[in-house]
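Chemist: Spelled out from the first residue to the last, the chains are:
Protein chains: 4
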Amino acid sequence: MTTPHPVHLLGALFTTGDMREIFSDHRRLQAMLNFEAALARALAREGIASKEAAAAIESQCDANLFSIETLAREGALAGNVAIPMIKQLASLVARNHEKASAFVHYGATSQDAIDTGLVLQLREALEEIGNGLSRISRALVKLVEAHESTFLAGRTWLQHAPPVTLGLKAAGWLSAIERHHARLNQTQEDALVIQFGGAVGTLAALGDRGPAVASALADDLKLGLPDLPWHTQRDRFAEVATSLGLLVGTLGKIARDISLMAQTEVAEVAEPAAPGKGGSSTMPHKQNPVGCAVILSAAIRVPALVCTMLASMVQEHERGLGGWHAEWETLPEICMLAGGAVAQAAAVLGGLEIREDRMSENIEVTRGLIFSEAVAMALRSKLGRSQSHQLLEEASRRAVEKNQSLQDVLLSDAKVREHLSTEEIARLMDPGNYIGSAREMTRKVLSSLDRKL
Amino acid sequence: MTTPHPVHLLGALFTTGDMREIFSDHRRLQAMLNFEAALARALAREGIASKEAAAAIESQCDANLFSIETLAREGALAGNVAIPMIKQLASLVARNHEKASAFVHYGATSQDAIDTGLVLQLREALEEIGNGLSRISRALVKLVEAHESTFLAGRTWLQHAPPVTLGLKAAGWLSAIERHHARLNQTQEDALVIQFGGAVGTLAALGDRGPAVASALADDLKLGLPDLPWHTQRDRFAEVATSLGLLVGTLGKIARDISLMAQTEVAEVAEPAAPGKGGSSTMPHKQNPVGCAVILSAAIRVPALVCTMLASMVQEHERGLGGWHAEWETLPEICMLAGGAVAQAAAVLGGLEIREDRMSENIEVTRGLIFSEAVAMALRSKLGRSQSHQLLEEASRRAVEKNQSLQDVLLSDAKVREHLSTEEIARLMDPGNYIGSAREMTRKVLSSLDRKL
Amino acid sequence: MTTPHPVHLLGALFTTGDMREIFSDHRRLQAMLNFEAALARALAREGIASKEAAAAIESQCDANLFSIETLAREGALAGNVAIPMIKQLASLVARNHEKASAFVHYGATSQDAIDTGLVLQLREALEEIGNGLSRISRALVKLVEAHESTFLAGRTWLQHAPPVTLGLKAAGWLSAIERHHARLNQTQEDALVIQFGGAVGTLAALGDRGPAVASALADDLKLGLPDLPWHTQRDRFAEVATSLGLLVGTLGKIARDISLMAQTEVAEVAEPAAPGKGGSSTMPHKQNPVGCAVILSAAIRVPALVCTMLASMVQEHERGLGGWHAEWETLPEICMLAGGAVAQAAAVLGGLEIREDRMSENIEVTRGLIFSEAVAMALRSKLGRSQSHQLLEEASRRAVEKNQSLQDVLLSDAKVREHLSTEEIARLMDPGNYIGSAREMTRKVLSSLDRKL
Amino acid sequence: MTTPHPVHLLGALFTTGDMREIFSDHRRLQAMLNFEAALARALAREGIASKEAAAAIESQCDANLFSIETLAREGALAGNVAIPMIKQLASLVARNHEKASAFVHYGATSQDAIDTGLVLQLREALEEIGNGLSRISRALVKLVEAHESTFLAGRTWLQHAPPVTLGLKAAGWLSAIERHHARLNQTQEDALVIQFGGAVGTLAALGDRGPAVASALADDLKLGLPDLPWHTQRDRFAEVATSLGLLVGTLGKIARDISLMAQTEVAEVAEPAAPGKGGSSTMPHKQNPVGCAVILSAAIRVPALVCTMLASMVQEHERGLGGWHAEWETLPEICMLAGGAVAQAAAVLGGLEIREDRMSENIEVTRGLIFSEAVAMALRSKLGRSQSHQLLEEASRRAVEKNQSLQDVLLSDAKVREHLSTEEIARLMDPGNYIGSAREMTRKVLSSLDRKL
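Residue numbers (the working numbering), protein chains in the order written: chain A, 4 to 456; chain B, 4 to 456; chain C, 4 to 456; chain D, 4 to 456.
Treat the hints loosely; a few may be bogus.
The list treats identical chains as interchangeable, and a pair is accepted whether it falls inside one copy or across any two copies.
Simulated pairs of lysine-lysine, DSS-like, Cα-Cα distance not exceeding 27 Å [what the hints assert, rightly or not]:
1) Lys-405 to Lys-280
2) Lys-385 to Lys-225
3) Lys-225 to Lys-447
4) Lys-54 to Lys-385
5) Lys-447 to Lys-145
6) Lys-418 to Lys-102
7) Lys-54 to Lys-102
8) Lys-385 to Lys-102
9) Lys-418 to Lys-385
For the record, the hints were derived by calculation from the structure and aren't laboratory data. Computed from a predicted structure; not experimentally measured.
Chain A with its partners taken away, still in its complex shape (with noise of 0.2 Å):
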């Protein structure tokens, strides 16, 4: 008997329960069974084993009924589980039904029951997957509504430049999601097939009844019917890693700037804050940005196991050795990485503190230095782009050297004063004034997610 609910000490923060769940030993194995019964179905259907056959291989396909330890054990040595779990199912069978037995696993090979049952798991994980972008989604379109003309620090290098808005970065970060949660579909379109080849993926065992049997099987399991089976043929498996690594890059991101947002000297944001969240044993006051930490440590573990199912694709002849193998930890660890990294970001972005005060006395840290480019393009077009960002870059330096304002140094500046009023000069250092185009596309990511709905 399967514990349902295993429990990992560090599972809880890198993963969901729900994830968890999916792609425990428990379910792999039941999703396994569940093949062997949708077999037994279509066989049924075709005509090859009868009714009462295959309701009784379809009353053992009950993970409940066998024992992982032994499963594992012997499928050590067999090379798979699917194995000693057929051997141990057409016994099971058996003992009621002794006729029923020989249709047990009828024409499929191992291969067959594995990767069809990681497909029903990854059916599942991708489902909830798409749940969580849209949730994020949810969450980002209210940041980029409420937040068009809140005006922050545009950062690059990590240094300062001209201002942004916290909409149009947080309307950046929607974008993206909005294109994985496209891809996520195409790769569920893709992926969610059948396996059904029998040892060497002809079908042989079936004589001449394999397409039937396997048309048949793809209506009951509601999976894709693929042109011909794909067990050294691996690029749908990988394409969900692929997919999920592009999402989880994203992720990452999303949580690199927050992060840094809420670095103490910048304070911009915070995480959520939740009664013993992100505390820290010796430090009594700190607010950690652990939703952020989980997110960035699946940012970096996700590419490298990218890196192992596209490895793992050359698979030799018509079974692999070794690259099969090496695709069966390593998929559902993507999977519940990223449905932990998705999770927490939903969870990070649905209650992210915002404190605009400190934006807005963050962008006078330069003392106006950001706003160089807005006063060097106002000037260029009656100076030159080579003068007017010379004049810029003297005027930010003198600024930096006399610990003045821009603003000041510009005021007392007689080349500038030919061309700029006082006034002029205030409002080209309004960051109101110099976010461009930021409402425009913001409203523009909002309106294409709009037709999308």
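Got chain A; can you put chains B, C and D on it based on the hints?
Modeler: The following block gives chains B, C and D in isolation, referenced to the frame of chain A:
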């Protein structure tokens, strides 16, 4: 002045002349200059710069006017090569048309030139790779059509298994290549868009004219127009990497299969011979699978480079620190290796030497053991799953121990003879009678392909 | 209460029972508690805590007193499991000895417990792996000694080349394993040190007593004492990863060689047979190289996990955000996969079935072509490099075209006969006469090994 | 003729001129020719070739006599460039000394020339990197010595924590660099050995003279002599990769720290300024941390390239198919990126601008909260662990809510005042009183270093 066609000692081995050309320093520079020229034209179209100014800028956007050496040296200080390039471009323009120089790079940031330049290079590279995929598909269609009745041993775990057809094997390769082609088309649609956002992605330097200029720029370059800049949203570039990574995985699988079939003891295929091809300095008789070696080396290298692209997605705020830089050599390297692998695969598959005699001989190596499943299935309905399986296990073991063919062992087994006649046993040992739905599957692949064409 | 020996469906395949045990949740928790107990004793030894307090703490440092489930849940909020563990430990202690609870985790930070705990687990894991390497070496020494005159075809580019000896082949494996053993010893010396720095690595909470307590702690745990804490200097942990990564690469090479030699057409070796080992659900005759598959899957997975460990070294300031977290599951996974691969290699090499008859037969497959170099070298001093090479190239081509042995072609070649007698030609085609210094090399490897023992 | 110093657009940014030179095509070719010349001398020393023949060969081993273009083209067919190089060398030699040409490459195989050539390049590269590490260490020793009493905020999870010293921070960096230097020395000893085995590693073409020639060759090239050839035992090359990978991880950590400290809001350090360094095309005031960006990009790229080197270790039989090829560009790339990162780190650390005023100011940002641990520890012996921790948690929360300093909150807390005087509280809030053993630790690092020098 640059050398337009740099020679690299290993370049001809690992990639193609076209790919080396596309990603040469000269072309990288020219692609950025093409962005600057297109920007000038777009500014003119929107009435921001004069037509003369645009023409003056355009006339200097020629890589031959620049020194790679100077740009390399100054770019190393500046942190990217666009900075000195733009400076030099402005001064070249100013020599003839002082006022026009004000509109050099007007409203843009270095990253706009660098990213859009790379997009222009990618457009050519992906088209080249797409053409290569078409060549591969054509070669595979021929193989599939010619060999639907060419039997060879199926091989699982590198051990003989029931027979397959060469047509089915090639159809598996073909089917995967077609999926990669579809992914490539999708990626071209997703990734071939302009980058244009100015310093922090707001296009602030263009006031409210940013979107109009962006739209004109996209038209001019015949690239897509994204909803907003993607300076630190790198999923598009990373998707180029993952799509090519998936493709190279399949090419590696094909090369592994071919190189295993080309082993001296197996000798079922050989890479196409050519003067100077695959010889050895010390072993005059050798015909080494050089093409497969190159493809397999790409299949080892590209997954890790994809990992780099995914890991580099974590880019800070409005401009990344390190992540962006990590892409500059990595993405071209992925394209070049993928391009090289595609070209080698097209050549190898296009001229593959096939020895059907060896395939037939090799089927006999196990003296009938690979047909044990066929016999077991034939007995299954009579003896049940477990007993028929066990009977064949014993017969197979006896055949090995006594150094007899399985057919002889079966003919002398009373239990077997109860259910199977001599003729039936002989029929079961004929490869042509145990390839199941191989023909139907290969035809399905071909007809899927027809539907697309 | 924890289950001390959790069962994992795939665990028995990919790693060993001992490694699963070492890295179980229970042992991870106990290792952290061992740190806390040792710290209490060290505080007592330095007179900071009383002996009674230390004893009171020690008595509660038992993983069976803790709930994995609670720690998992609270650790997910806190960001690591040490925080709730310490809180719970303090309250357990306080029930019996209120004052002692003040000295729970005194002066330490969560990371001290987590890192030192992992070091304690690594100590066991590396010792286990070292023992496995000794078993592999012993098996290889036997192979080398037994087969210094067992000839088989050398193979380059997967094509036959001049002969080698099985002894030399195994000596190459052995020599690499010995280098890995030396690296492992160095890594044990480098990495098995305590982590003890308090909140930010200054041991500030201990006033000026930090170094004394650290020294007592290291003594107590029999671990090395580093010059300073290494909370964000992760090269020691990363070195564990790289040393194991290098090792697994060599194991992968051995497994690739063996699985290629075990192919049906080659059949020179087979993995040791065992009941239930390597069978197939549908092909009763098969003896699959399951051990090699497991090793090869580790050789695909571990390199990417090493990449993760290297990438995670970029940890911020005094405590990493994401990088540290990325190590927690990755380093144990590397150890478990390496441990599994070592165990499989020891088993495969310890019982490898060797078929010398097949090796001899396979040498003949090219009908003498693999001796073309031997003949070319014999002619070289007479005809010069270029002419002798060319002569053999032509003879080899003729042999292939006319389906003759190279010996027959040479015997009928006037030019060759000028320089070589029938006896000389026959002598040149004898594998025993063209293995150069193979024996001397293998003996050198064995004697290097003796010097170390 | 080759261009000895090829210019690459991005080369000056990502690596050094010396490293580009070492790994140029010209030097790669010359290194292989150096092998051939040394082999000729070794053959002469052992009396196999005449001194005249050796001299005749040696005289032609000059890369300037070869066409990179021809070698590239023919190498692409042959599968490696040594094959056409040797052919061309033999014909160059034959023009002057027909008989000598018989001794070109005598007894060797292509891989001997390619691998030993790469070892010769690695010798130079590793020496260069070692020199860079010495420069880094010298810069760090200065930082450590100058700043043992420069206080700044400790930072964990990117949040302020108790104070540290800049000396301790730099000592952590220094200590890791010293460990990497030791690893590099070990790697030089392990990896700088000749490759010499002939076609299949037996040196068969040399009869029984192989070991003598090998020994003479190693002497001549001043490289180590391995027990046997290592054509498919690649742990030595892979160890070069892992050692550099570990090093680059630490450099990335240093660069991350510095770039975070250089953020506009933090402003505690800046990269050394230089004309043209780190400016922006649009933001004249910016001083971008270009050196850190380059180092961080190496820290993203090198881990994946190390993964490639580990994955490529799985090489078949006596010569790898794909794995060997995968090394050719990867290992040089790792060296070049590591060399570039080392040079940038030496420059950044050698001229780092340090603003102690900002460090002091930043310590105050939390208004005393970072000293909560100090106060909690002071109260712990009086109130117990749990109560003192809780008390400070509440005080910290109150300070944040009421916008007061922690000192003021504590002064007004009756419970605290029972145990701590005003002076004691003030003393606890002084960074100089809460740096624990930072000074002792930094001195320990310096004295460990002295012992080695």
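Chemist: Run every hint past the structure and note whether it holds.
Modeler: For each hint, the structure was consulted:
Within a single copy, Lys-405 and Lys-280 get their C-alpha atoms only as close as 45 Å, which misses the 27 Å cut-off; across copies the closest is 22 Å, which meets it. For the identical chains of this complex, Lys-385 and Lys-225 are neighbours neither inside a copy (68 Å) nor across copies (33 Å), given an alpha-carbon limit of 27 Å. Taking identical chains as interchangeable, the C-alpha atoms of Lys-225 and Lys-447 lie at most 27 Å apart only when they sit on different chains, with a minimum of 21 Å there against 37 Å within one chain. Taking the shortest alpha-carbon separations for Lys-54 and Lys-385, only the inter-copy value of 18 Å comes in at or below 27 Å, while the best intra-copy value is 88 Å.
In this assembly of identical chains, Lys-447 and Lys-145 lie within 27 Å of each other by CA distance solely inside one copy; the values are 15 Å within and 48 Å between copies. With identical chains, the CA atoms of Lys-418 and Lys-102 are at most 27 Å apart between copies only, with a shortest distance of 19 Å across copies and 100 Å within one. Taking the shortest alpha-carbon separations for Lys-54 and Lys-102, only the intra-copy value of 12 Å comes in at or below 27 Å, while the best inter-copy value is 72 Å. With identical chains, the CA atoms of Lys-385 and Lys-102 are at most 27 Å apart between copies only, with a shortest distance of 9 Å across copies and 94 Å within one.
Taking the closest pair of Cα atoms, Lys-418 and Lys-385 come within 27 Å of each other only inside a single copy of the chain (11 Å); across copies the shortest separation is 68 Å, beyond that limit.
In summary, the structure is inconsistent with hint 2 from the numbered list given earlier, while agreeing with all the others.
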